[in-house]
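K.L.:
Each chain, written out:
2 protein chains.
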Amino acid sequence: MPRRIVVLGAGGWGTALAVVAARAGHRVTLWGRRPEHVEELRRSRRNEAYLAGITIPGEIAFASGADGALDEADGFISVIPTQHLRATLTPVAERIGGERPVLSCSKGIETGSLSRPSEILRETLGRAPVTVLSGPSHAEEVARGLPATLVAASRDEEHAVAWQKLLTGEAFRLYTSNDPLGVELGGALKNVIAIAAGLCDGLKLGDNAKAALLSRGIVEIGRLGAAVGARKQTFFGLSGIGDLLTTCYSPHGRNLRVGRELGAGRKLPEILASMKQVAEGVWTCRAARELGRKHDVPMPITEEVFAVVHQDRPAIEGLRSLMRRQPKSESEDLR
Amino acid sequence: MPRRIVVLGAGGWGTALAVVAARAGHRVTLWGRRPEHVEELRRSRRNEAYLAGITIPGEIAFASGADGALDEADGFISVIPTQHLRATLTPVAERIGGERPVLSCSKGIETGSLSRPSEILRETLGRAPVTVLSGPSHAEEVARGLPATLVAASRDEEHAVAWQKLLTGEAFRLYTSNDPLGVELGGALKNVIAIAAGLCDGLKLGDNAKAALLSRGIVEIGRLGAAVGARKQTFFGLSGIGDLLTTCYSPHGRNLRVGRELGAGRKLPEILASMKQVAEGVWTCRAARELGRKHDVPMPITEEVFAVVHQDRPAIEGLRSLMRRQPKSESEDLR
Numbered sequence: 000m001p002r003r004i005v006v007l008g009a010g011g012w013g014t015a016l017a018v019v020a021a022r023a024g025h026r027v028t029l030w031g032r033r034p035e036h037v038e039e040l041r042r043s044r045r046n047e048a049y050l051a052g053i054t055i056p057g058e059i060a061f062a063s064g065a066d067g068a069l070d071e072a073d074g075f076i077s078v079i080p081t082q083h084l085r086a087t088l089t090p091v092a093e094r095i096g097g098e099r100p101v102l103s104c105s106k107g108i109e110t111g112s113l114s115r116p117s118e119i120l121r122e123t124l125g126r127a128p129v130t131v132l133s134g135p136s137h138a139e140e141v142a143r144g145l146p147a148t149l150v151a152a153s154r155d156e157e158h159a160v161a162w163q164k165l166l167t168g169e170a171f172r173l174y175t176s177n178d179p180l181g182v183e184l185g186g187a188l189k190n191v192i193a194i195a196a197g198l199c200d201g202l203k204l205g206d207n208a209k210a211a212l213l214s215r216g217i218v219e220i221g222r223l224g225a226a227v228g229a230r231k232q233t234f235f236g237l238s239g240i241g242d243l244l245t246t247c248y249s250p251h252g253r254n255l256r257v258g259r260e261l262g263a264g265r266k267l268p269e270i271l272a273s274m275k276q277v278a279e280g281v282w283t284c285r286a287a288r289e290l291g292r293k294h295d296v297p298m299p300i301t302e303e304v305f306a307v308v309h310q311d312r313p314a315i316e317g318l319r320s321l322m323r324r325q326p327k328s329e330s331e332d333l334r
Numbered sequence: 000m001p002r003r004i005v006v007l008g009a010g011g012w013g014t015a016l017a018v019v020a021a022r023a024g025h026r027v028t029l030w031g032r033r034p035e036h037v038e039e040l041r042r043s044r045r046n047e048a049y050l051a052g053i054t055i056p057g058e059i060a061f062a063s064g065a066d067g068a069l070d071e072a073d074g075f076i077s078v079i080p081t082q083h084l085r086a087t088l089t090p091v092a093e094r095i096g097g098e099r100p101v102l103s104c105s106k107g108i109e110t111g112s113l114s115r116p117s118e119i120l121r122e123t124l125g126r127a128p129v130t131v132l133s134g135p136s137h138a139e140e141v142a143r144g145l146p147a148t149l150v151a152a153s154r155d156e157e158h159a160v161a162w163q164k165l166l167t168g169e170a171f172r173l174y175t176s177n178d179p180l181g182v183e184l185g186g187a188l189k190n191v192i193a194i195a196a197g198l199c200d201g202l203k204l205g206d207n208a209k210a211a212l213l214s215r216g217i218v219e220i221g222r223l224g225a226a227v228g229a230r231k232q233t234f235f236g237l238s239g240i241g242d243l244l245t246t247c248y249s250p251h252g253r254n255l256r257v258g259r260e261l262g263a264g265r266k267l268p269e270i271l272a273s274m275k276q277v278a279e280g281v282w283t284c285r286a287a288r289e290l291g292r293k294h295d296v297p298m299p300i301t302e303e304v305f306a307v308v309h310q311d312r313p314a315i316e317g318l319r320s321l322m323r324r325q326p327k328s329e330s331e332d333l334r
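Just so you know, the sequences run in chain order A and B.
So that you can map any letter, position 164 of the first sequence is 163 in the numbering used here, and since no number is skipped, the others follow by simple counting.
So that you can map any letter, position 240 of the second sequence is 239 in the numbering used here, and since no number is skipped, the others follow by simple counting.
Please note that the accuracy of each hint is not assured.
For chains that are exact copies, the list does not tell them apart, and a pair is met inside one copy or across any two.
[As the list claims (entries may be wrong)] Taking lysine to aspartate or glutamate pairs in the EDC-like style, the calculated list, with each CA pair at most 20 Å apart, reads:
id	residue 1	residue 2
1	327	169
2	203	169
3	266	311
4	327	302
5	164	331
6	327	155
7	275	39
8	266	302
9	327	157
10	293	109
11	327	156
12	275	47
13	164	98
14	266	316
If you're looking for bench data, these hints aren't it; they were derived computationally from the structure.
Can you make the complete structure from the sequences, with help from the hints?
P.N.:
Shown next as structure tokens:
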């Protein structure tokens, strides 16, 4: 049954998800924070800054501010960058509230509060049932209609099943999960491992070293996840390993790029200044390190990424110190 | 303490492991099946056919046939291709037997018998304690001294720890595991998933589709592993996911290449004729399918790979049929 869906956030992934929802037959409004950007989208039907080369289908409407589309929506897809999520939604929270379902697609952890996007949504919107969406999903490919398989997670798996039914199409498939915490943490923490993978690339350490780093990285973030109440297994699925792969092996990845350039010897401010979009891992590595220390979870990769990114430690020293750790029993780690 | 180690098998990986053992300070003999190839190695100190661009260090000796080095060895590293392992070792089994430890580094499953390399070693060599080595390890990178991290597994983990101590060096690190079955099966079955990843590349389905296919592929081979007595978790470690990554994202991968060319429309005999080395997945997909059917484990990816490789099914149809499966709960799969 077609629904009225508002996609909150007109970046690359928001635009791609609006296209997905429209393809699935729904009446879609793409809502953006900045009226002038929304006006430009409406006029040109292109989102060149965030999703180059894609024409936005004619049936998608646009909105900004306290638009009536918010009141009329049957459900929301929230794709606002994590660090802006609270400030962006607070002024319009009353128009979004109620019991209408929200699909949370932001990735990251809010600096300071260490809140996850779904927590921010609950704090600003009240009792709306929140489902979390994550998985390997470069926006450009999804918008172009190439196949993608993701996971939708909610504690009561029925909410995830409802979104699965709403959005599934020829090329867009959703598994469900009842571990939203694990799915959401995977999507955030993998960006830290992506920076480490980039360091490895930048230092030209080869494919073996990179693959080992990713394998150990997933074990590390799964260990943190388990300590805070997620299921370790979730990190071995689409939202953990799956997402990590596109992030680490595709040339588009922003976090990979930050790592590569740090590995090649450039300085962080210079790298960030040259990028149009956020590299969430730069902030997430700080949050992950804090979480690890708070819960007494050893996070050697995260510690080294943090030191290289924020404490001027040379990349080669960070990687060398990881290599010098005496390997133990992998069976213990994976238990 | 330096030991006398014979590396059985003078292919690319055997040559690289001989270099690793020599770097760790041992007295190493590289033993090859074909005397004329061994003679060429001795003369040129290069193994151009299997490991281009590497000079074999002067302290490595060479042997073939029933050489005295076999009798004098303290331990063996077996790196003979799985399909030739039984026939190659049988004539010299008495010279290798006894209680001297063997590190099994072959990957694959013997066609017909469905035996794993460690089983073939036990059947031909008797009571030698066998440890299995696997993980992300392109031979060229290892020989060049780039960092690599693998896993050594034996039911009694002490044997694995002994090999860890013998071989660990500045750039070569070994985790241990007590699940040799899982480690060995991962190294074999990942080649089937690598062919599927190649089909995905050949059909230009994009990074999202490939990452999802790998994530689901690991779940599938882990399910088969669990059914035959391995631990599912092992497939999420270095010998499962880790090895799968180098196989699927590095341009050197032979199984990936077979998949890519099938995906692009070439025929199997033509592809195999153009390759110098074995693409194990071509045979492993048959064995994996048989094992799955025998144990009643659903293996959709393996079934489609088999059909494309051996039954002339067009690659696009195989992939489409995978995409049409209705996704269920990922939490169930990962349990």
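K.L.:
Does each hint fit the structure? Answer for all of them.
P.N.:
Each hint tested on the structure:
no.: 1; hint: 327 with 169; verdict: between (45 Å within a copy, 16 Å between copies)
no.: 2; hint: 203 with 169; verdict: between (39 Å within a copy, 17 Å between copies)
no.: 3; hint: 266 with 311; verdict: within (8 Å within a copy, 53 Å between copies)
no.: 4; hint: 327 with 302; verdict: within (19 Å within a copy, 36 Å between copies)
no.: 5; hint: 164 with 331; verdict: between (39 Å within a copy, 19 Å between copies)
no.: 6; hint: 327 with 155; verdict: between (38 Å within a copy, 15 Å between copies)
no.: 7; hint: 275 with 39; verdict: within (18 Å within a copy, 56 Å between copies)
no.: 8; hint: 266 with 302; verdict: within (18 Å within a copy, 49 Å between copies)
no.: 9; hint: 327 with 157; verdict: between (41 Å within a copy, 12 Å between copies)
no.: 10; hint: 293 with 109; verdict: within (16 Å within a copy, 50 Å between copies)
no.: 11; hint: 327 with 156; verdict: between (37 Å within a copy, 11 Å between copies)
no.: 12; hint: 275 with 47; verdict: within (12 Å within a copy, 46 Å between copies)
no.: 13; hint: 164 with 98; verdict: within (19 Å within a copy, 60 Å between copies)
no.: 14; hint: 266 with 316; verdict: within (15 Å within a copy, 48 Å between copies)
Violated hints: none; the structure is consistent with every hint.
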